[in-house]
Structures are given as C-alpha cells and as structure tokens.
Amino acid sequence: MANSIYNQKNVLNTEILSNLLIKYSKESEIRKWDMGASSSKDISVQVQQGNAKQLKGSQRNSMTLRVWNSNNQVGITSTSDLTSEGIKKAMRGAIDASLFGNKKESPEFSPLAKAELKEIKSTISNTHSIDQLLSILKKAEKQLIDTHQSIDSVPYNGLNESYMERIYINSDGANRHMKLSQSSIYLYAKAEEKNKKPRSAGGIRINANLEKLDIESCITETSEKLISHLNYKSIETNKYLICFTPEAFLQLISAFSSMFNARSIIDGVSLMNEDSIGKQISVPNLNISDEGLHPENVGAFSFDGEGTPTQNIKLVKKGILSNLLHSEATARKFGVEPTGHAGLGAKVSVSPDWLVVSNSESELDKDESLSIKNTLKEYILIDELSAIHSGVKASQGSFSLPFDGWIVKDGKKTSIEAATVAGDILKVLNSIVKIEKEQIVTHQGISPYIWVDNMSITGEA
Amino acid sequence: MLTKHNENLLFHTFDVTLKPHIEDLLSLGKSAGADLIEVFLEKSDNISLLAEQDDISNVSPSFGIGAGIRVFLGKRDGFVSTNDLSKAGLLFALNQALGMLGLDIGSQNSETFDGLTDLKDFGMNKFNWLDNSPDLEESTLKLLTATKSLANKNKNLQVRKASYSRNWQEVLVAASDGVFARDIRLHQTVGINVIAQQDKNRSTSSRRYGSSGNPNDLRNWDIEKSAFDLNESAQKMLNAGYVEAGQMPVVLANKFGGVIFHEACGHLLETTQLERGTSPFHNSINKQIAHSCVSAVDEGFSNHAFGSLSMDDEGMEPQNTLLIENGILKKFLSDRAGSLRTGHPRTGSGRRQNFSFAAASRMRNTYIKQGNFTPEELIKSVDNGLYCKSMGGGSVGPTGQFNFSVEEGYLIKNGKLSKPVKGATLIGEAKEILPRISMCANDLDLAAGFCGSVSGSVNVTVGQPHIKVDSITVGGR
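Residue numbers (the working numbering), protein chains in the order written: chain U, 1 to 461; chain Z, 1 to 477.
One should not assume that every hint holds.
Straight-line distance between alpha carbons at most 25 Å, and here's what the computed DSS-like set of lysine-lysine pairs gives [claimed, not checked]:
| id | chain 1 | residue 1 | chain 2 | residue 2 |
| --- | --- | --- | --- | --- |
| 1 | Z | Lys43 | U | Lys89 |
| 2 | U | Lys104 | Z | Lys142 |
| 3 | U | Lys139 | Z | Lys75 |
| 4 | U | Lys53 | Z | Lys75 |
| 5 | Z | Lys431 | U | Lys196 |
| 6 | U | Lys197 | Z | Lys431 |
| 7 | U | Lys197 | Z | Lys43 |
| 8 | U | Lys89 | Z | Lys330 |
| 9 | U | Lys53 | U | Lys139 |
| 10 | Z | Lys75 | U | Lys142 |
| 11 | U | Lys377 | U | Lys412 |
| 12 | U | Lys179 | U | Lys121 |
| 13 | Z | Lys87 | U | Lys89 |
| 14 | U | Lys239 | U | Lys377 |
| 15 | Z | Lys30 | U | Lys53 |
| 16 | Z | Lys419 | Z | Lys236 |
| 17 | Z | Lys369 | Z | Lys431 |
| 18 | U | Lys103 | Z | Lys148 |
| 19 | U | Lys412 | U | Lys32 |
Rather than coming from a laboratory, the hints here were simulated on the basis of the structure.
Bound-form chain U, shown alone (with noise of 0.2 Å):
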C-alpha cells in the first residue's frame, strides 16, 4: 500500500532477546531475571483548514530489564536501545541499580507468569496510507464545521492508526507474547458568536479496526455539546443537584482509583486501608468492577506487566469494598492471588485498565423522577471535568474540578459559562440518589449516568 510504514511482521523478536539476556546474565552470575518489552508503529495526522497540517510517524521500541543478585535485591534498566550493546549496558545498569534495591520488600515473579491466558479476540486490522487518514480527517473537519454556521474551527484534531506489541519473558521460561492494532480520532470544535466568548467541545472514538471507526457519531456528539454551548450563562454558587455523564463519572472515580489499588493502601496515599475489605463505602446499589477483558475494552493485552493474566475484578460490590487490584508483590502481602492489574519494576506500580460501573436493583433507583431523558427538576448536567492532576486530593478524598455542563431546567438545557465542583468522594459516593440502568461505552470504560444531591458548585453570577 501506498506510503505505509507497516508491515505485519513482529519487530520483536523473542527468540534472539532471550538468548542474549540468558547470555548477558551468564556473564555476569545472574541467575535470576525478567524482561519487559514493547514495540509500537504508528500513523497520525491533523488538518487545518482542508489542509495537512502535521502528518506524524514513529517506529518505537524499549524494554525492561529486571535482575536479582545473590542478596535477593532487585535492580531495573530501561532502555529504548535494542541493540546488542544496548542491552549488554542495560544487564549491567540493572546490576549496578541491584546493590541498592529494598531488602525489605523485594518483588518476585509472579505465580501467574505462566498460568494460561483468557483469550482476547485481537484481529490486527489492515494499514492505511497517509493519504487515506488525511483524506477520512479533511472530510470529518469540513462535515464538522459545515453543521453549523457558528462552529468556525477545529483547532483540535487527530487521526491515528497504531500497532502494538508486547511481551514479557523471564529465566523461569515464562514467555509472552501479544499483539494489537487501534485507531482513534479526536475532534475539537471552536465556535464564536458575535459579542459572546468563544466555546469550544469535543469528542474521540476509539477502536481496533480504522475502518469501524464511528466517525460520524464523533461529529454528531461534538457538533451537538458544541452548539449547545452556544447560549450560555452564569450560575450562582449554591448547592445543586447534580447528574454526572458515564463520562464524567468514570473521571471522577478513575481520578480515586487509589482507593482500590493494594500498592495505595499499603503505601498510606489511599482512603481506605488494609481492614477496609468487606466495609461499606457507598450507598447500597453501586457496583464497581475493573474489566480489563471486556470486550469493549480496544487496547486491552492479555497479561500484566509481571505476566499476569488479565481479569475481571469486583471492586465495589452493592456498595460494599469487596476487591482490591494487586501486583504480585501486593497480593503476597495480603495473601491473595495478583490480579493482572501490575506495571514492571523495582517496586511495581498498579494501576485499574477499564472500569465498569452499574448498579444493583435497590429502592433508591425506583425514583422514576429522576431521567436524564425526562427529569423536569432542576440540575446540574457534568459532561466533562478538568485539570483532574492539580483539582484531586487522592489522598484526602477531595476535589474542586472546573467542568463544562448546563443547567437543565424543565428540560431545557442552558450552557454554564464556567463553574468549579466541589466535594469529598467518600460524601459523593454516600450521596448518590439514583444510578440509571442504562450503561453507556465510553473510550474510557463504562457506565450509566449517576445522580448525586447537595453538591457544591462555584459559579460566576
């Protein structure tokens, strides 16, 4: 195909990385080691105007190399040189980093590194040329703009199409290996009015495929946020009632996510703590769970950074903590299984792939009063929230996040010119009032809307 950077082949090759690790660690009376690696190919492009703007493409590739000296301390290199010589320099910057490792806590492999993977059904898509993403961009900029006569830009665009491959292998003949493909397309509107401040919205969609990619759909949602933005106003600062979007939700809860990761707990930056297992932290009809399998899920790999499995973990169930996400160093110290959720290090890092919120039947989601497709009421519709890294407390439960929503009143919906949120999470997940049955998919997980009362919100008026 025309100016395509791809071919299907792998880049890594396990075969010649291993021998040369198994050689290097021989050397150097390592007896013990593992290895990440990951390499990815990848196309973007962004217009102006009908025109090119900044067409991108990069070929990358690094590793993780992990050892364990004779004392049992763990040291770690990462490099993106995968050369014979780069490697031979990472075996001895992780031997070098191993004499000042943590005797106290020491990571080892994971139980699971060679326990059988779930199957995930991956099909690596075809590539396309430049000239086709620029050509499937330049048609969704001027649709987007041609919708309405007020939107005058997308100052904020992208298409990308992108391979992925990892693997993970370690001296106790664990091997990994997996592939992935995914394209994306972002689009950030601006419009302005005579006399009126210029507004702007967006939306993205992800998928496996650049052919399934719904394009339209992205247009249709930014078009409409965008104009309906148009019309704005000061709100006073009170408390609201408030109806987060699956989007805004899934940021807030992602933003605390430190309450369901083990490492958290263990390190004192969480909420909860070690006894919080089986403990009530929110009204009685909210179900969390991390759904790294999900189908939905577009970049999800089968195994962890350690070679984990990928699993499916309940976090929240009915209300009630019931599951934590685990490395393998975690779920020693709490004497559970890991659970797929660990990134590759000297002390490992866990993190949530793709949260899944929904709720369990209760009394308090019988309120018919409360729709987003009906509520006559007045409140506050959060459709997307900012600065999430300066306006989280993680560690305190709190937060003050600008946002863009409207004020809906008997239904109609009046854009907010700029307000801040405000709350405490443990208040807002005990103040729920209604979690809608419908769940929606987000490019960031998935979940219904959720209804939450008595919120404070600063507003200009």
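The hints should help you fit chain Z onto chain U, whose structure is shown.
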C-alpha cells in the same frame, strides 16, 4: 535493532565525523523535492530514585537513543521518529517523512544542498557533566537524609517521600539550511512530599526544586531548609477549613505563583496557539493586553535555571524575549514551523521532550518582572481576599480559560493574613485577568517545573514577584 542481522552503530557517536553521512541524508531529501529537512539525534542517560520513609524503594536507570526526521514542503511538514539509528533505519525514516508529503527519495529535481556549516559544539565543555554528577551511592544517601530530616520535624508525618531524577541528554541537530549543532544537557530535580495526619485530618504538601547544567546541584541542596518549609506548610494546612467560594481579590506569592502567568498568558503567546487560531491575542501586538504595571519576559539564559538552554532543539541559540512591556504585547514565542506558518520570527524557542516529538514553540524561563511595592503593601491593600502562598498545578483550555489549584492558602482580613484555608481553585480567562493584575512587588523569584504540551513535557521555569489580582473567581465549598 534486534531484527537486523548486521548492527550498524555509526550514528551512535554524535560528532563531526557524522557530517558527511548526515549530508548524504539531507541531499537525498533535497533532491526528492523537500524545502527543508531536519535531523535530530538524541542519546539519553537518566536515573530516577525514590526514598519512602527510611528506605530507598526505587532505583531506575534508563538509557535511550533515537532520531526525529522532519521534512517541510510549503507550510506542511512530515515527521517520523525511530529508535533505529542505523543508516538503513534513518533512510527508512527519511523516506517515510518524504512519502507523507508525496515525495520520494528516488525522484530527482534541481533542488541543491550547499552542505552543513562547521559544527557548533555547545557541548564541548560539558563532556564531564555526567561523571561529575552524584553517583547512586551519594544520591541515595542524600534522599535518605531528607526523609530522616522530615521524620525529625514532626511525628505526624505519616508519609515521607524524597525523589531525585537526573536527566542527561546529548543532541545533534542538522538541517538542510546548514544548521549543524551539538549540545549536552543536564537537568536535575529533587522533590519532597509528605502526608501529615492528626485524628481524621490529613494534609499533603510537596516541593520541587530543579536546575540545569549544574552537576553539583544535588550536593548543594539545603535539605534542612526544605524540610522545615515543607513541614511548616503541612502542619498549617492540617486543620485548615475549606475556603468559601466566590469572587475576591487575591495576592499570589512569588516563585511558583508564576504558574498563573505561564498558564493564563504564556501558552497563548506561543505561535503553536496562533497557528490553531485559539489565542485571543492573535492580533494584539503593540496593544494593551495587561495592566500597565505588568512587564514579562521569556528567556533561556538565567544561570542554572531549569528552563535555560545553550541552543534550542532546532539548533538556535536562545534569546531574551520581551513578551509584554508595561501591559503592551510586544512579541510571540516562535519556532521554525511557527515562523513559517505565522510570520513571527524565531526566538530560539523550538523545544521538544525528546526525539519522538517534532519541536514546537515552547516557553523557557518565563516571568513577570518585579515592581516597586513590598509584599506587605499588597496584603495591606486587601480588605477581604485570599493569599495564595503555594500553588498546585494548573491548565489552560483551548480558548484561554484557565484554572489552577491553591496548595497553601490564607484568608486576608482587613489587610492582614488570617486563618489557613484549603480546597481553593482559581479560575478565569486570560484576557480578563491580565488587566486585573494591579500591583507587583519587588521580590521576583523563580521556580522549576514541567510543562506538558504539543511537543511533550519540557523543563521550564516560572516566576514572578508577589502580585495582586483585583478580582478572580475562587472555587471552593
């Protein structure tokens, strides 16, 4: 690369011997019809360390190599990055970048390439920076001293962390307009953070310090002073109540208080924003955009400042760029592509996180100049307002709306500092806030930080004296 049978390490040594080989690449690009080709080669050698409580919990060295090749044709450009620094790998990347613009290495046209200039070697006297930096033993001991010092300050510091990162980078830039330059960079940062706990109250507090081009930076770190300052902040905020939301005057402290200017104004003065048509200041050169007390610069010179450079990532020496003078907009920050697309001359501001990003116009050391008032005079001028002693992070939206969090704040009542408050967020819009900066004190100071944008995360310095903003929206409870 391990997929290749014959490894070629020719491009792994960045010196003048590469000149003919890079000229070959550039000639191929020119003869294919490109207006300009730029090759950026990079090697990195980094260490990051973490001490938690009384142990070293993480030692992470990392090494990297890579190249970014950018091709311009008219106002368009194609950019390809790769880890494969063999000649074949670079040729492949060049061909891909040309192909993005419809060009092909095989084609011939009359475009000529006059060759590279003599190597401008900004790294010549920096060859020993890496060896002179603290080794792992010295660095880990320093971090453990820091967490121990924090432990000695107060027993209620439940979490004590100290981190150190050393980033060494060697870069070579060559372009078909003759640019041929090499540099070595050394950036070091230390961070400390704590969680204080008393009964059910918790407070978090953190500080970060950073330098460029100073191998002795970690050695000279005044741990006691930092630990004292951090503990004092955590203790004061432990029992702070939530701030009441509303519109009010605020006084922003110096140093990291400059993040408001960085976010609210600095980004909008980058040609990257002009290209997108999202800067409200696009046609405001020589117009009043701020209060007349405000003058601001962006420069790459300050000795050992985190955002200082010997050359930018396009091989150009940095400048002292006067952005605003007495409230009047004077200049934008521009890189090669920005200059091409907007007409604003380059300012030595083309920066990128690493080889995998194309350079873009980015800030370096950016600050509001100092005025004549004392900080006390600013506080005295406020009846009811907020003093922001320490700022958290912030961000700016595509049309200039900004927000940033206040890590340590105090109410101002009748011209005096009152009780500590938490949970404050400052929100506003650049165009509206700049005219409301009505007083600048005489205590300019700088602080190190990281700025994330289109060309990745780069080291920057923010700064200002104490300033007073007459009215701003404070988000709270």
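How the hints compare with the structure:
no.	hint	result
1	Z:Lys43 <-> U:Lys89	holds (13 Å)
2	U:Lys104 <-> Z:Lys142	holds (20 Å)
3	U:Lys139 <-> Z:Lys75	holds (20 Å)
4	U:Lys53 <-> Z:Lys75	holds (8 Å)
5	Z:Lys431 <-> U:Lys196	holds (14 Å)
6	U:Lys197 <-> Z:Lys431	holds (11 Å)
7	U:Lys197 <-> Z:Lys43	violated (45 Å)
8	U:Lys89 <-> Z:Lys330	violated (49 Å)
9	U:Lys53 <-> U:Lys139	holds (14 Å)
10	Z:Lys75 <-> U:Lys142	holds (20 Å)
11	U:Lys377 <-> U:Lys412	holds (10 Å)
12	U:Lys179 <-> U:Lys121	holds (11 Å)
13	Z:Lys87 <-> U:Lys89	holds (22 Å)
14	U:Lys239 <-> U:Lys377	holds (14 Å)
15	Z:Lys30 <-> U:Lys53	holds (20 Å)
16	Z:Lys419 <-> Z:Lys236	holds (9 Å)
17	Z:Lys369 <-> Z:Lys431	holds (19 Å)
18	U:Lys103 <-> Z:Lys148	holds (18 Å)
19	U:Lys412 <-> U:Lys32	violated (64 Å)
In this structure, the hints that do not hold are numbers 7, 8, 19, in rising order.
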